[in-house]
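A.B. asks: Take a look at the letters that make up each chain.
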Amino acid sequence: MSLSLRRAFARETMVALLFVLPSLVLVGYFVYVLIGWNVVVSLSDWKGLTPSYNIVGFGQYITLFQDPVFLTSLTNNLILILLFVPSSLALGLFLAILLDSKIRGEGVFRNIYLLPFSLAFVITATLWAWMYNPDVGVINTLLQATGLGFLKSGWITDPNIALACVVLAIVWQFSGYTMLLFSAGIKSIPESQIMAAEVDGAKGFNLYRRVVIPQLKTPALSAFVVLMIFALKVFDFIYVLTGGGPAGYATYVLPLLMFRETFLSTHFAYGAAIATLLFLLVFVIVVPYLYLSSRREKD
Amino acid sequence: MFLLPIWTDITTSFKSIHDIIYTIPVQPPLSPTIEPLITAFNIMKRPLVNSLTFTVAATILSCLLGSINGYALTKIRFPGSNMVFLLFSIGIFLPYQAVLVPLVLTMSRLGLYNTLAGLILTHTTYGITITTLLFRNFYGLIPDSLIMAAKTDGAGTWTIYRRIILPLSLLPFVVAAVLQFTSIWNDFLFGVTLARGSEAMPASVALANLKGTTEFNWNVQMAGALWYALPVLIIYLVLGKYLIRGYMAGAIKG
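The listed protein sequences derive, respectively, from chains Y and F. Going by our numbering, the first sequence opens with residue 119, and the numbers climb by one from there. Going by our numbering, the second sequence opens with residue 161, and the numbers climb by one from there.
It should be emphasised that the hints constitute simulated quantities derived from the structure, not laboratory data. Take these hints with a grain of salt, some might be off.
[Unchecked claim] According to the in silico footprint, chain F covers these stretches of chain Y (three or more CB under 8 Å from chain F): (1) 133 to 146; (2) 227 to 239; (3) 348 to 359; (4) 378 to 386; (5) 391 to 405.
Glycine included, C-beta positions come from ideal geometry on N, C-alpha and C.
Next up, chain Y with everything else stripped away, as it sits in the complex (with noise of 0.2 Å):
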């Protein structure tokens, strides 16, 4: 290379990285300086207002898997991902099939399915714990007025399914989004290759079977990845509908837990530790997920 190209494309390099310099040193900071400090924090022995930065290695580590109401947490989270994730994902493929069935329409109706996912969890919660209420809510109100009276039920009071009335509330948030992911795959779809199933005699739930699901693949894995980092990270919707409730820990999950140990028992070198875990967790399915994708890209 030439000296003044050499000198044109140093000097383009400084432009650019003074452009991303402030983003560099704020995302730098706010999310990796802070994630090592909280691994500290959760190797410390800190409790109670002023901190501790004693080193105690991974007590706090060993107290967790001890600890019932941390067990009780991660298996919540464990049956959120294993009942959540799924539902989500066949809801939102039915309501995509639906839609793609040329209904007058299409455009309000995915309006209307899509409208949750974009309120607040905050929101969302309040409406349902108003749907659950077992006295004055609106799911045994209107069982009682259609003569279903005998279906009624505890719902987020009944330890046993409060639940699975959880993931039947974070379901119905989530399938607009998942059938959004896979109303884009399906029109994505050449019609080219429609019309040659078609041609070939595949037609109706065969069609769907044979041609169109096997290529959902790419938007099922990008819905998946969110689904089942959500079913870890969700606290806001479990901290307003149950508090983690009832009998104590029925729906409690780990960032619940986090908060609850960190900002109102103090217990922050606890509290970091549980973090980190959850870090940890969410780690192990985004970055082969990132690392595939990226591959993708380069095709």
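Knowing the structure of chain Y, use the given hints to seat chain F on it.
C.D. replies: Okay, now just chain F, sitting in the frame of chain Y:
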């Protein structure tokens, strides 16, 4: 049917106490009143203003920074640009619990605990991750030939940004702004950990508090939810399609 919870929110907001007891939730009120709406509004006045302030500010800042980041990452090929982008991308998926404790410490040391400025700083920073993604994807579609032509005319990097990139950026700005506004407005976690005092309390926290105190005044609660949902509803109705494009661009929410 699908919108049942939302429908009952609206009907309940307009019911007096009398109606709550005597009608089933899905019925419209027998004698509609705006009293619950007024009560809720008085409680939530300050938090709503707070939310509006920091949401607008953080949205503008994160979009601007996202735009210049996107530009630098796609049009100025510098060594390490992929690394930088990766660093930002990981931030999109960050579970905020993992930084919450040091974040509170940082804010209190900077004197920004319980302030609007603290919330603006927080939301802007974490917003940069997703806005950068949006702008990078969009700017990647701008043909390089356009840039080359400008360079041979002697335009410098900043001029190219101002004269060529910016005017083409209306769409990504709208998408990013709508997405950011919704995310930040809807946030609860940062609000409840960084801003519990009334100086900076967001509307999300105020609504949650409402549920705690007025356990049986469902009409006031529903009215409060309606107020809080209003800006997002308006955006959804008017600019919904841009919001949808934002959702498709990556992993959001939560």
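A.B. asks: Look at each hint and say if it fits the structure.
C.D. replies: Hints, one by one, checked against the model:
1. Coverage of the segment 133 to 146 of chain Y by chain F holds in this model, with 11 residues showing a Cβ closer than 8 Å to a Cβ of that chain against a need of three.
2. For the segment 227 to 239 of chain Y, the stated coverage by chain F holds: 11 residues have a C-beta nearer than 8 Å to a C-beta of that chain, and at least 3 were required.
3. Counting residues of the segment 348 to 359 of chain Y whose CB lies closer than 8 Å to any CB of chain F gives 8, which reaches the minimum of 3, so the coverage claim holds.
4. Evaluation of the coverage hint for the segment 378 to 386 of chain Y: fulfilled, as 3 residues show C-beta separations to chain F shorter than 8 Å, against a requirement of three.
5. For the segment 391 to 405 of chain Y, the stated coverage by chain F holds: 7 residues have a C-beta nearer than 8 Å to a C-beta of that chain, and at least 3 were required.
When the structure is compared with the earlier hints, no violation turns up for any of them.
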